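A.B. asks: The chain contents come next:
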Amino acid sequence: MEKSNGTGKDYIIDQLKKQIENFEAKVQTEKIGTVLEVGDGVAKISGLADIMASEMVEFLPAETFVKESTYGVALNLEEGQIGVMILGSFENIKEGDTVRATGKILSVPVGEKLIGRVINPLGEALDGKGKISAQGGSASGGENEIKFYPVEKIAPGVIARKSVNMPVQTGIKAIDAIIPIGRGQRELIIGDRQTGKTAIAIDAIINQKGQNMKCIYVAIGQKESKVAGIVAKLEQAGALAYTAVVLAGASDPASLLYVAPYAGCAMAEYFLDKGEDVLIVYDDLSKHAVAYREISLLLRRPPGREAYPGDVFYLHSRLLERACKLSPERGGGSITALPIIETQSGDMSAYIPTNVISITDGQIYLMPELFYQGIRPAVDAGLSVSRVGSNAQIKAMKKVAGKMKLEAAQFRELAAFAQFGSELDEDTKAKLERGKRLQEIFKQDQYAPVSVVNQVLVFFALINGLIDDVPVNKVSDFESGLCKYAAVSGSGILKEIAEKKDLSDKLETEIKNLINDYKSGLNYLIKR
Amino acid sequence: MKITANQYAESLYEAIAEKSQKEIDEAVLNLTKILQKNRQIKLAPKIYRKFGEIWNQERGIIEAEITSREELHTELRNKVSKYVKEKYLAKEVVLHNIVDEKIQGGIIIRVGDEILNGSVKKQLAVLKNILINQ
Chain A
137 MEKSNGTGKD YIIDQLKKQI ENFEAKVQTE KIGTVLEVGD GVAKISGLAD
187 IMASEMVEFL PAETFVKEST YGVALNLEEG QIGVMILGSF ENIKEGDTVR
237 ATGKILSVPV GEKLIGRVIN PLGEALDGKG KISAQGGSAS GGENEIKFYP
287 VEKIAPGVIA RKSVNMPVQT GIKAIDAIIP IGRGQRELII GDRQTGKTAI
337 AIDAIINQKG QNMKCIYVAI GQKESKVAGI VAKLEQAGAL AYTAVVLAGA
387 SDPASLLYVA PYAGCAMAEY FLDKGEDVLI VYDDLSKHAV AYREISLLLR
437 RPPGREAYPG DVFYLHSRLL ERACKLSPER GGGSITALPI IETQSGDMSA
487 YIPTNVISIT DGQIYLMPEL FYQGIRPAVD AGLSVSRVGS NAQIKAMKKV
537 AGKMKLEAAQ FRELAAFAQF GSELDEDTKA KLERGKRLQE IFKQDQYAPV
587 SVVNQVLVFF ALINGLIDDV PVNKVSDFES GLCKYAAVSG SGILKEIAEK
637 KDLSDKLETE IKNLINDYKS GLNYLIKR
Chain B
405 MKITANQYAE SLYEAIAEKS QKEIDEAVLN LTKILQKNRQ IKLAPKIYRK
455 FGEIWNQERG IIEAEITSRE ELHTELRNKV SKYVKEKYLA KEVVLHNIVD
505 EKIQGGIIIR VGDEILNGSV KKQLAVLKNI LINQ
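Chain order of the listed sequences is A and B.
Going letter by letter, the first sequence gives residues 137 to 664 in our numbering.
Going letter by letter, the second sequence gives residues 405 to 538 in our numbering.
The set of hints was computed from the structure by calculation and includes no laboratory data.
Some clues are possibly wrong.
Covered stretches of chain B, as calculated for chain A (at least 3 residues, CB under 8 Å) [stated by the list, open to error]: (1) 447–461; (2) 474–483.
Capping the alpha-carbon separation at 16 Å, the derived lysine to aspartate or glutamate pairs in EDC-like fashion look like this [unchecked claim]: (3) K526/B / E231/A; (4) K167/A / E469/B; (5) K525/B / E160/A; (6) K491/B / E475/B; (7) K532/B / E430/A; (8) K454/B / E166/A; (9) K410/A / E576/A; (10) K535/A / D604/A; (11) K567/A / D516/A; (12) K249/A / E231/A; (13) K532/B / E231/A; (14) K450/B / E231/A; (15) K495/B / E467/B; (16) K525/B / E496/B; (17) K154/A / E505/B; (18) K491/B / E157/A; (19) K167/A / E505/B.
In this text, all values refer to a predicted model and were calculated from it rather than measured experimentally.
The beta-carbon is built from N, C-alpha and C at its ideal position, and this holds for glycine as well.
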């Protein structure tokens, strides 16, 4: 036993000896530069003549006690110097320090290991569950191989794409009915502060359970306490099993905030390349634009409208254009983007909101007035649109949602008119009453997504006048009761809707009977 | 518009190229007067550095910084000088020898923004990386 141990040890030592003997150091010319000036997260560097745009540079610390070197990204390539955005803290960088070009474009680690984790935009763990690249990270490959994707990538072209044809079920009734979202779509969530923008995005993530969807939540300039709350909620709902959180907090330097959405998108592209569907939330892009403005102004790029630099449109368009639905030949994966924009006192015509509205395939507008009236989610059905999503709705939903849209539009018109309190004819009254019930149905609690089958059932009841005799304040009771009743007594019908995804005449009669059966047991109906 | 240090250095070089010592003295004096008038005296060190660069470039002189553990002896100095001269096609090489015990052995040659790191310290670091990764 002892002997074999001995030979084992000898073997290792022999191997090491061999390796060291065969070691041959190749001396290569390295390009270096010198820090001319540094401050506020950017540095000016002389030298580094043949550096690439957005190449990573390494700041070699002058002091030996500083173990980790800092990295930066070359943004401005000028005649005699380059402007570098410093990733991370810049306290250890001084004038005259040596800078080395790495020859690599800024890249982030991607892969299955990121799922369930909270990471910063450079792929470093923030959740205390160990290093992301802890097991190896070697170039030798194998199952522990860590892949790196560049943060900046040109979006897929026309040939690689396919039009949106599959729905994203957000589980939010008002959205799935009136402003449906398809896989590969970019749908903006816009509204003032405290109107429930993040809540919609988180609900959508929670509802992706079992829908074959990976989710990435990118928090840009958010309070860390808020993100901690979100992560806890996702974990509680079991959503962390398919979600990664990329966090660039409010206290992080602007450079990390700037990189965060691109890093998140690179992580999403890994799954896209595998043919999977990804939902990515950018929360929020107004703070991203502000961070980019800060960097641009420090790099002395000329300011434009609202002091944003000239390429702030390209900043967001190149990011959102990477959301796509790929053709089957390219794997058929998709990236659905839900960017969030915060407006200042409802000003949708400010610079950044108009830019992002024009880039995306529609917007969900959240109105503070509705929010305070207790209509939550406070989706304004008039200003919200979805330009491509209705192609992706399942047929059963399309059948009921079309009439829902009409009812909602008529109600909005009449409600404004009816405020004058004049005498109304019977027909108008009936429409108003139904509109009130429709509004009740669209109210929904947070973290309580509704399955598409139940949505079809409830919408069907409304458009066929089966809720007209339910008092307005009892509508939510009626709805939850109906869903429970259907789960027990009408499971066959629910199954048929889920499988066929369409409503035949026979099925419609069955649903009608089911709802009437349920209603016969109720005691709060209005007698007529 | 403010005149930059580069512009001063370039014009100074043009003004004194192939002139007599007396004319050169006059030109330098004039430059200081202009600097004073424009309140840009503080640019003097930068102009001096830039002027040196232009001077060297125009005359094919290359400055090389050699870091070694001990002072280089003449034979080695000549070897390095010859190597740099051939590599950068220079007419003349000016060597600055820096002694740094931390590099443990070997030499580091630095020319402009290029570095040839042949120090023992660097090679040990490379060996360490290779041993860890295999």
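A.B. asks: For each hint, tell me whether it holds in the structure or not.
C.D. replies: Tested hints:
Given a C-beta distance limit of less than 8 Å, the hint that chain A covers the region 447–461 of chain B is violated, as 0 residues qualify and 3 are needed. Figure legend: the region 474–483 of chain B, annotated as covered by chain A; annotation inconsistent (0 residues with Cβ-Cβ distances under 8 Å, at least 3 required). Between K526/B and E231/A the CA atoms are separated by roughly 24 Å; this puts the pair beyond 16 Å, and the hint is violated. Proposed proximity of K167/A and E469/B is supported: the alpha carbons are some 15 Å apart, at most 16 Å.
For the given pair, K525/B sits about 14 Å from E160/A by alpha-carbon distance, which is consistent with the 16 Å threshold. Of the pairs offered as hints, the one joining K491/B and E475/B is violated, with about 23 Å between alpha carbons and a cut-off of 16 Å exceeded. For a cut-off of 16 Å, the pair hint linking K532/B to E430/A is broken: about 41 Å separates their Cα positions. About 23 Å separates the Cα atoms of K454/B and E166/A, which puts this hinted pair outside 16 Å; it is violated.
At roughly 42 Å between alpha-carbon atoms, K410/A and E576/A are farther apart than 16 Å, so this suggested pair is violated. Distance hint between K535/A and D604/A is unfulfilled; the C-alpha atoms sit about 20 Å from each other, more than 16 Å. For the proposed pair K567/A and D516/A, the alpha carbon gap of about 19 Å is over 16 Å, so the pair is violated. Taking the CA atoms of K249/A and E231/A, the gap is near 39 Å; set against the 16 Å cutoff, the hint is violated.
Taking the CA atoms of K532/B and E231/A, the gap is about 30 Å. The hint is violated against a cut of 16 Å. Restraint check for K450/B and E231/A: satisfied, since their Cα atoms lie roughly 15 Å apart, inside the 16 Å limit. The suggested pairing of K495/B with E467/B holds, with an alpha-carbon distance near 11 Å, which does not exceed 16 Å. Between K525/B and E496/B, the direct Cα distance comes to roughly 30 Å. Violation of the 16 Å bound is thereby established for this hinted pair.
A distance of roughly 29 Å separates the Cα atoms of K154/A and E505/B; the hinted pair therefore is violated under the 16 Å criterion. For the suggested pair K491/B and E157/A, the alpha carbons sit about 30 Å apart, so the restraint of at most 16 Å is broken. Of the pairs offered as hints, the one joining K167/A and E505/B is violated, with about 23 Å between alpha carbons and a cut-off of 16 Å exceeded.
In summary, the numbered hints that this structure violates are 1, 2, 3, 6, 7, 8, 9, 10, 11, 12, 13, 16, 17, 18 and 19.
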